[in-house]
Amino acid sequence: MQVNEYKPLIVAFCCNWCSYAGADLAGNNRLSYPDNVKIIRVPCSCRVNPMFVLRAFQRGADGVILCGCHPGDCHYTSGNYYTRRRMALLFSMLDYLGIERERTRVEWCSAAEGAKFAQTMNEFTEAVAALGENKRLEDLRCKE
Amino acid sequence: MQRIGVFVCWCGTNIAGTVDVKRVAEALKNEPGVVYSDNYQYMCSQAGQDMIKNAIHEYKLTGVVVCSCSPRMHETTFRKTAAAAGLNPYMVEIANIREQCSWVHKDMEAGTEKAIILGRAAIAKLNLNTPLTAGETPVTKRALVIGGGIAGIQTALDIADAGFKVDIVEKKPTIGGKMAQLDKTFPTLDCAACILTPKMVDVGQHENIRIFSYSEVTDVKGFVGNFDVTIKRKARFVKEDVCTGCGLCMEKCPMKKVPNEFNLGLDNRTAIYIPFAQAVPKVATIDPNYCIMKKTGKCGLCSTVCTVGAIDYNQQDEIIEEKYGAIVVATGFNPISMDKFDEYAYSQSKDVVTSLEFERLMNAAGPTQGTLLRPSDGKHPHTLVFVQCVGSRCEACAEKGKEYCSKICCMYTAKHAMLVRDKYPDTEVYVFYIDVRTPGKNFDEFYRRAVEEYGVHYIKGMVGKVAPEGDKLMVQASDLLDNKQLHIAADMVILAAAIEPDESARSLATMLTASMDTNDFFTEAHPKLRPVESPTAGIYLSGACQGPKDIPDTVAQAGAAASKVIGLLVKDKLTGNPCVAESNELMCNGCSACEKVCPYGAITYVDKEFRMPDRTTRVRRVAQVNPAVCQGCGACTVACPSGAMDLKGFATSQIMAEVDAICK
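Taken in sequence, the protein lines are chains A and B.
Counting in this note's numbering, the first sequence runs from 1 upward without gaps.
Counting in this note's numbering, the second sequence runs from 1 upward without gaps.
Just so you know, the hints here were simulated from the structure itself, not pulled from any lab data.
In this text, a Cβ means the ideal position worked out from N, Cα and C, and glycines have one as well.
Keep in mind that the hints are not guaranteed to be accurate.
[What the hints assert, rightly or not] Lysine-lysine pairs mimicking DSS-like chemistry, simulated, CA-CA at most 25 Å apart:
(1) B:Lys-184 to B:Lys-282
(2) B:Lys-460 to B:Lys-340
(3) B:Lys-441 to B:Lys-184
(4) B:Lys-252 to B:Lys-232
(5) B:Lys-282 to B:Lys-239
(6) B:Lys-53 to B:Lys-80
(7) B:Lys-664 to A:Lys-7
(8) B:Lys-472 to B:Lys-379
(9) B:Lys-256 to B:Lys-295
(10) B:Lys-664 to A:Lys-135
(11) A:Lys-116 to B:Lys-648
(12) B:Lys-171 to A:Lys-116
(13) B:Lys-400 to A:Lys-116
(14) B:Lys-171 to B:Lys-282
(15) B:Lys-172 to B:Lys-323
(16) B:Lys-441 to B:Lys-80
(17) B:Lys-171 to B:Lys-295
(18) B:Lys-106 to A:Lys-7
[To be verified] Computed footprint of chain B on chain A; a stretch qualifies when at least three of its residues, placed anywhere within it, have a C-beta under 8 Å from a C-beta of chain B:
(19) 53-60
(20) 107-116
Using the sequences provided together with the hints, build the complete structure.
Dropping the structure here:
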């Protein structure tokens, strides 16, 4: 690894039923995406508390992406609708606080869309990398 | 403090090829709570599992982290391993270092780094795990099959033969589906009706099977083992239990100009009708859109001639509610509309037909009694052109066709071509194709017979345009192997239309919360290992609703789905999912925010007495979760403003710990 190469840290929350399976499918099909994307499994995208997103930024994440089932396809019927509304609110607030829009994203990805998952992660990483490091919310006290 | 054992799997070279597993095991040794860390070639093998069991005993482990493939693959395996060694199965966490690490990254250094971080996150989560015990729910010993084609029929028969009650819901007036419309079947040239109708009769007479024909599923609630399903039985204006199916009403009905759906509109039927002679149930249905009595109130002829008094013009839709333990989706397919493929002149000439229409034209029970006649003028056709892949494998024209291969067209076209040449040796038959795909038992032999024995002209190339000229159809096509343009004056053109899932599938999937792919085919739980189960527990897939399939594959899948259903229904109790929401009553302020977002109505409010610091008691309204109803989505945990609601197994503190570990 080159020392100077900047790699943004991306935290991806994936719902167990669609997007986590989509990520697995990307793996099955050997569709590569940057290794700086780290996936956390949640039962449904609606399990993602806005606090988790804030925490990630505080701890030095450069981008946070939430992936859920397509609207209408939620395993729990309506979870992703909550996600959509909650995150729309949160992201606009974060934007106000100086966390650029490009650093946050909600994406729908079904269990059959491995290619879409990989592509989304590639695009998102690129977009975040273009912005550089997240300094705005990072809490340096958290660093060892 | 936990005593955690870490087990890093090589998965042969699948993981070890991109991840330095030994380094991962070494690095994770120093994480908080870890007392043991090791690696092995195949953790899921017997030896690997024994290694985990031994370590649990030897090091008195309280939790296990396995760095291996996706938890969707082997979480259950390792939970069972832990349970066998006396550990609570929910004290196991999986770090997905195969699907989401070694398989998607190529650089050893980066892959190893990521694997360490993923392992660290799993350890951080496990440190906060608590043992969980799943509750038990009873199983309703009755299955629902949605769709009464060959897939639904076979599934229902197999389940019923095992001794369980089955209901079939079919939206058409009769079961039978597409197979009932076929003439012969490839590659054996069995007559479709001869092999299907005995099965239909079996279904009709089986003591364990009820058929709800002319009915639709309108609502599904509940979960595996305990589905509450609402079925709408549409009014057929004929008493089903009284009608004998004698057909006298059809003879007398004055409205004889209704396009016959069973023959795809190639001929007409009456307003009161039985779709075909072998229909099950053999009961007449009145089509209210055409019935003169229903439209004007004046006629009533069928009621007069019916000797048993089965006609009831005032019949209403009936709503029934029934409980089921398992649901099988067998909604099948339809050929796509040819509206957008006007280059083949489908809308301009009656002699351009789809393959399914051609099937009816060749069928002895069809509009022409099996004599091949041109639909336009009833003459005998001499030159027939078959066009393959109309709308299939259409990556460039995705807006009007489908990207996938419809799988069955190559074979049924070979069958059609062969049957035509067999019956009418004076004909010339051309087949235009992109590729001929014949993977299947005796399929290629069948195709070669069509070419070699029956002299069908197979030409590699696509048809560019079909233009009606006089009573001929001018077909312009390219021969790619000879590199020349062909002009054929054909009498009939037969289009192998792509197939798509039935239009009811999408709304059904939403009701069942079963996932679908972008083409509206139902997704299976695992493409290889769980091909007949939906990811949603208790929902099974049979036939072409899951992907294009021929009859042998459909029947095989139907039997497989049935065996899965039987495996579920023989159980008296199901172990539920212990990862459900839980409210901390001391923190709950009774605001009802969680109740509003719960999609299952699992949260109720109770008045509870609390002792206050001044030793008085006060009654407060607090949330309570019904663990048997909660499905564990976690919507309530985020809605709760006071942080009283948490999700077991995915607790706020656990996910926070994962975030922290990843962002270190």
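Hint-by-hint comparison with the structure:
1. Simply put, Lys-184 (chain B) and Lys-282 (chain B) have alpha-carbon atoms about 23 Å apart, close enough for the 25 Å limit, and the pair holds.
2. The straight-line distance between the Cα atoms of Lys-460 (chain B) and Lys-340 (chain B) is roughly 23 Å, inside the 25 Å bound, and the hint therefore holds.
3. Straight-line distance between C-alpha atoms of Lys-441 (chain B) and Lys-184 (chain B) comes to about 17 Å, which keeps the hinted pair within the 25 Å bound.
4. A distance of roughly 30 Å separates the Cα atoms of Lys-252 (chain B) and Lys-232 (chain B); the hinted pair therefore is violated under the 25 Å criterion.
5. Taking the CA atoms of Lys-282 (chain B) and Lys-239 (chain B), the gap is near 12 Å; set against the 25 Å cutoff, the hint holds.
6. With a C-alpha separation of about 10 Å, the suggested pair Lys-53 (chain B) and Lys-80 (chain B) falls inside the 25 Å cut-off, and the hint holds.
7. With a C-alpha separation of about 14 Å, the suggested pair Lys-664 (chain B) and Lys-7 (chain A) falls inside the 25 Å cut-off, and the hint holds.
8. A C-alpha spacing of about 12 Å is found between Lys-472 (chain B) and Lys-379 (chain B), which places the hinted pair at or below 25 Å, so the restraint holds.
9. Among the hinted pairs, Lys-256 (chain B) with Lys-295 (chain B) is consistent with the structure: their alpha-carbon atoms are about 15 Å apart, no more than 25 Å.
10. For the hint linking Lys-664 (chain B) to Lys-135 (chain A), the alpha-carbon distance of about 15 Å falls within 25 Å, and the restraint holds.
11. For the hint pairing Lys-116 (chain A) with Lys-648 (chain B), the CA-to-CA distance comes to about 31 Å; that exceeds 25 Å, so the pair is violated.
12. Between Lys-171 (chain B) and Lys-116 (chain A) the alpha-carbon distance is near 35 Å, which puts this suggested pair outside the 25 Å criterion.
13. Taken as a hint, the Lys-400 (chain B) and Lys-116 (chain A) pair is honoured in the structure, with Cα atoms around 22 Å apart against an allowance of 25 Å.
14. For a cut-off of 25 Å, the pair hint linking Lys-171 (chain B) to Lys-282 (chain B) stands: about 15 Å separates their Cα positions.
15. Among the hinted pairs, Lys-172 (chain B) with Lys-323 (chain B) is consistent with the structure: their alpha-carbon atoms are about 22 Å apart, no more than 25 Å.
16. Restraint check: the Cα-Cα separation between Lys-441 (chain B) and Lys-80 (chain B) comes to about 39 Å, which exceeds 25 Å; the hinted pair is violated.
17. Among the hinted pairs, Lys-171 (chain B) with Lys-295 (chain B) is consistent with the structure: their alpha-carbon atoms are about 23 Å apart, no more than 25 Å.
18. Taking the CA atoms of Lys-106 (chain B) and Lys-7 (chain A), the gap is near 16 Å; set against the 25 Å cutoff, the hint holds.
19. With 4 residues having a Cβ less than 8 Å from any Cβ of chain B, the region 53-60 of chain A passes the three-residue criterion, so the hint holds.
20. Check result for the region 107-116 of chain A against chain B: holds, 4 residues qualifying (beta carbon to beta carbon below 8 Å, three or more required).
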